[in-house]
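S.K.: The lines below spell out each chain.
There are 2 protein chains.
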Amino acid sequence: MSIEDPNTYSVGSFFLTLAIIFIAGKKIGSLFIRFKQPEVLGELIAGVLLGALGLIPLYGAMGYDVFHLLAEVGVAILLFEIGLETDLNELLNVGPSSLIVAVIGVVLPFLLGFYCVFLLADLNFLSFTSESRLFLVALTIGATLTATSVGITARVLSELNKLKTIEARVILSAAVIDDVIGLIILAVISGVIATTASEGSSSFEIFDIGIITVKAVGFLFLAIVIGNLFTSRLFLFVHNLKARGSLLLGALAYTFVFAYLGHLAGLAPIIGAFAAGLLLAKTHQKTLIEERLKPVADVFIPIFFIMVGSAVDLSVFNPFIKENIAVILLALVLFVIAVIGKLASGLGAFSLKANKLVIGIGMIPRGEVGLIFASMGLVSGVLQKGEYSALLVMVMLTTFVAPPLLYRFFRD
Amino acid sequence: MSIEDPNTYSVGSFFLTLAIIFIAGKKIGSLFIRFKQPEVLGELIAGVLLGALGLIPLYGAMGYDVFHLLAEVGVAILLFEIGLETDLNELLNVGPSSLIVAVIGVVLPFLLGFYCVFLLADLNFLSFTSESRLFLVALTIGATLTATSVGITARVLSELNKLKTIEARVILSAAVIDDVIGLIILAVISGVIATTASEGSSSFEIFDIGIITVKAVGFLFLAIVIGNLFTSRLFLFVHNLKARGSLLLGALAYTFVFAYLGHLAGLAPIIGAFAAGLLLAKTHQKTLIEERLKPVADVFIPIFFIMVGSAVDLSVFNPFIKENIAVILLALVLFVIAVIGKLASGLGAFSLKANKLVIGIGMIPRGEVGLIFASMGLVSGVLQKGEYSALLVMVMLTTFVAPPLLYRFFRD
Numbered sequence: 160m161s162i163e164d165p166n167t168y169s170v171g172s173f174f175l176t177l178a179i180i181f182i183a184g185k186k187i188g189s190l191f192i193r194f195k196q197p198e199v200l201g202e203l204i205a206g207v208l209l210g211a212l213g214l215i216p217l218y219g220a221m222g223y224d225v226f227h228l229l230a231e232v233g234v235a236i237l238l239f240e241i242g243l244e245t246d247l248n249e250l251l252n253v254g255p256s257s258l259i260v261a262v263i264g265v266v267l268p269f270l271l272g273f274y275c276v277f278l279l280a281d282l283n284f285l286s287f288t289s290e291s292r293l294f295l296v297a298l299t300i301g302a303t304l305t306a307t308s309v310g311i312t313a314r315v316l317s318e319l320n321k322l323k324t325i326e327a328r329v330i331l332s333a334a335v336i337d338d339v340i341g342l343i344i345l346a347v348i349s350g351v352i353a354t355t356a357s358e359g360s361s362s363f364e365i366f367d368i369g370i371i372t373v374k375a376v377g378f379l380f381l382a383i384v385i386g387n388l389f390t391s392r393l394f395l396f397v398h399n400l401k402a403r404g405s406l407l408l409g410a411l412a413y414t415f416v417f418a419y420l421g422h423l424a425g426l427a428p429i430i431g432a433f434a435a436g437l438l439l440a441k442t443h444q445k446t447l448i449e450e451r452l453k454p455v456a457d458v459f460i461p462i463f464f465i466m467v468g469s470a471v472d473l474s475v476f477n478p479f480i481k482e483n484i485a486v487i488l489l490a491l492v493l494f495v496i497a498v499i500g501k502l503a504s505g506l507g508a509f510s511l512k513a514n515k516l517v518i519g520i521g522m523i524p525r526g527e528v529g530l531i532f533a534s535m536g537l538v539s540g541v542l543q544k545g546e547y548s549a550l551l552v553m554v555m556l557t558t559f560v561a562p563p564l565l566y567r568f569f570r571d
Numbered sequence: 160m161s162i163e164d165p166n167t168y169s170v171g172s173f174f175l176t177l178a179i180i181f182i183a184g185k186k187i188g189s190l191f192i193r194f195k196q197p198e199v200l201g202e203l204i205a206g207v208l209l210g211a212l213g214l215i216p217l218y219g220a221m222g223y224d225v226f227h228l229l230a231e232v233g234v235a236i237l238l239f240e241i242g243l244e245t246d247l248n249e250l251l252n253v254g255p256s257s258l259i260v261a262v263i264g265v266v267l268p269f270l271l272g273f274y275c276v277f278l279l280a281d282l283n284f285l286s287f288t289s290e291s292r293l294f295l296v297a298l299t300i301g302a303t304l305t306a307t308s309v310g311i312t313a314r315v316l317s318e319l320n321k322l323k324t325i326e327a328r329v330i331l332s333a334a335v336i337d338d339v340i341g342l343i344i345l346a347v348i349s350g351v352i353a354t355t356a357s358e359g360s361s362s363f364e365i366f367d368i369g370i371i372t373v374k375a376v377g378f379l380f381l382a383i384v385i386g387n388l389f390t391s392r393l394f395l396f397v398h399n400l401k402a403r404g405s406l407l408l409g410a411l412a413y414t415f416v417f418a419y420l421g422h423l424a425g426l427a428p429i430i431g432a433f434a435a436g437l438l439l440a441k442t443h444q445k446t447l448i449e450e451r452l453k454p455v456a457d458v459f460i461p462i463f464f465i466m467v468g469s470a471v472d473l474s475v476f477n478p479f480i481k482e483n484i485a486v487i488l489l490a491l492v493l494f495v496i497a498v499i500g501k502l503a504s505g506l507g508a509f510s511l512k513a514n515k516l517v518i519g520i521g522m523i524p525r526g527e528v529g530l531i532f533a534s535m536g537l538v539s540g541v542l543q544k545g546e547y548s549a550l551l552v553m554v555m556l557t558t559f560v561a562p563p564l565l566y567r568f569f570r571d
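Protein chains in written order, with this note's numbering: chain A, 160 to 571; chain B, 160 to 571.
Among the hints, erroneous ones may be present.
Any copy will do: because identical chains look the same in the list, a pair fits if it lies in one copy or spans two.
Here are the simulated EDC-like cross-link-like pairs (lysine to aspartate or glutamate), alpha carbons at most 20 Å apart as the crow flies [as the list claims (entries may be wrong)]:
hint: 1; residue 1: 374; residue 2: 449
hint: 2; residue 1: 401; residue 2: 318
hint: 3; residue 1: 481; residue 2: 281
hint: 4; residue 1: 323; residue 2: 482
Note that these hints are calculated values from the structure, not bench results.
When you get a sec, could you build the whole thing from the sequences and use the hints?
M.R.: Laid out in structure tokens, this is it:
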């Protein structure tokens with residue numbers, strides 16, 4: 160297979176690019192861990208660097224396809240893992256304070272983000288070809304601001320030895336609900352984008368959002384109800400198959416089939432992958448699947464984050480070019496909104512004797528789910544490079560800002 | 160990411176095809192294991208079925224690229240695993256009888272296969288556009304006949320409780336040498352095909368084989384000598400990196416860099432992957448790497464075998480079409496040669512008091528390395544569908560025929 164078909168991406172370059180992705184991701188990721196920063200940020204930065212150096216095939220270029228599809232597998236596995244770790248029963252047992260914190264922390268940043276895009280457009284800082292594109296951008300940016308990534312907060316809380324405090328429990332429960340709300344929003348937004356793309360951008364109406372919401376919630380509901388009927392028996396059977404790696408490949412095939420069904424339903428494939436994770440979380444094989452999936456996840460997930468980072472265009476932040484002022488302003492405004500929205504969510508715990516500021520700070524970091532929103536916006540053509548890059552900067556800044564604030568306000 | 164760029168292979172179809180590959184491979188693989196047949200045969204048959212049903216993108220079609228590259232990753236990981244399990248010191252300690260058995264078992268099938276292609280061409284059963292294509296086809300077919308796949312034999316010997324016998328020890332040692340000779344031939348043939356493809360098929364001379372052999376052996380030698388200087392220290396460093404999955408991704412990146420170097424040297428990338436395996440076999444992290452690689456290998460390797468199977472064109476075996484008689488005849492002749500060549504190799508153990516017939520039978524099964532030769536021949540355009548399909552039938556028949564013969568002649 161050493162011969163290159165002129166129509167195929169060179170096998171040699173493919174292997175080299177994969178090697179570079181793995182090496183840069185792990186090297187910079189390890190550096191971030193050493194300085195107590197989240198690994199995923201290191202992978203994003205590695206992606207930004209590789210993209211700037213031209214080492215990752217550009218969107219639309221030959222070979223992009225392959226890495227794009229590998230990244231799709233990565234993000235599907237990521238959502239499957241999130242689903243696998245989500246306990247639906249735990250969601251129902253969460254306290255009312257956490258519920259209020261989660262809802263404020265989703266609704267407020269969304270509304271602020273949505274509103275600020277319209278405001279910046281009115282002030283002529285941003286310009287759009289049509290009202291409906293403005294609407295879609297505002298929707299995507301609002302959605303990106305919603306989901307908290309609690310991993311960083313949890314690690315800091317554990318380092319401070321505060322995991323047993325009321326504040327920690329409220330944050331962790333709120334983040335679980337927050338994740339699920341975020342994924343429902345993701346399901347809706349991916350449906351909105353798909354509908355708009357297929358029907359042409361002018362025909363979109365607010366009314367459609369209602370239909371898509373019903374479809375998205377309906378898909379998740381039906382997937383879980385129908386899946387529950389046969390999944391346990393199916394995986395008992397798969398587990399008994401003698402072929403090498405049957406359980407792992409069975410779980411992956413199950414995930415991919417659900418991703419395909421999500422795609423058929425007009426949603427993002429990852430919504431299906433998330434449903435697959437929720438369903439397998441209840442099987443007896445859950446722990447075994449988690450264990451065997453880990454190395455495969457280690458291979459594919461970094462490809463997603465590096466591709467996300469590589470799509471950032473650093474030149475849009477050059478302040479000496481006049482057009483870039485809008486992008487820099489957008490990044491800063493989004494960051495401020497991201498912080499304020501989640502800080503305010505801490506007030507949702509008004510009925511508890513707890514430090515509301517700390518709860519708000521703990522909810523600030525955005526992460527994987529936000530990056531998925533941004534990347535979906537870019538690939539579908541809703542977001543342009545500038546808006547996309549501003550969103551990524553916002554996500555990175557929120558993760559940088561939370562740990563020192565927690566250290567400062569939650570030490571004693 | 161739910162939106163399809165018209166230039167990219169649909170994300171939905173991609174997930175569905177992957178799921179089908181995994182399900183069919185494991186289902187049929189498990190069936191084969193239950194009937195005491197090797198799993199890889201099940202995966203091949205699954206590939207043949209999926210190909211016949213049109214469920215795998217055809218060579219050259221949209222989406223083929225992605226699966227082709229995933230299969231390349233699979234076969235690189237396979238060769239890396241083989242390298243990781245090869246003990247170079249053990250090779251030097253092998254007895255003279257095993258060496259003679261291995262050499263006869265490589266040389267005789269190669270010469271018989273090479274000669275028989277010319278004979279069939281002279282008798283007008285096969286026709287070629289040029290002398291140099293005839294030569295390349297003869298070379299590839301001869302090479303495919305060489306490498307024994309000892310896994311099946313080893314399992315049967317263990318079931319018969321004969322692993323401690325002289326015959327078993329000769330077979331197992333001979334198979335190790337046989338593998339290494341096979342990979343050197345693979346390095347040479349891949350170089351020959353690459354040279355011919357780039358220079359045009361008319362300019363090829365026997366003399367070039369000498370140059371390529373020197374290059375191939377030189378590459379392996381240099382890779383091992385230079386790699387030995389820094390690999391242990393490199394992996395001590397990689398092992399200490401804190402990022403999730405560093406050791407696994409480090410080993411994969413190392414493999415892919417060597418695959419790229421093999422490609423640069425004008426050989427098949429997998430030769431580089433094999434060298435990487437040989438080098439990591441000597442590090443302290445070998446066992447850990449093997450363990451963490453297994454689930455990843457489980458995901459990628461079946462894709463290779465299923466792609467190999469899917470390229471078989473079942474219609475070339477329809478005996479009612481006159482042109483197919485040649486293909487069927489070729490398959491049968493190759494099978495007879497494959498059996499005779501290895502049976503005769505048993506005579507190499509003339510100085511031992513051992514059952515030479517049993518040794519010969521034990522060497523009959525062909526497997527992974529043969530399939531790699533055939534697939535390389537097809538992708539590079541040397542082999543046509545008919546010749547390729549005949550080779551695959553030969554490989555399958557040799558694995559079916561060995562176990563019952565061993566049961567028959569080695570029971571008491």
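S.K.: Each of the hints needs a verdict: does it hold here or not?
M.R.: Structure-based check of all given hints:
1. 374 / 449: This pair counts as neither: shortest intra-copy Cα distance 30 Å, inter-copy 45 Å.
2. 401 / 318: between (44 Å within a copy, 17 Å between copies)
3. 481 / 281: within (18 Å within a copy, 76 Å between copies)
4. 323 / 482: neither (49 Å within a copy, 78 Å between copies)
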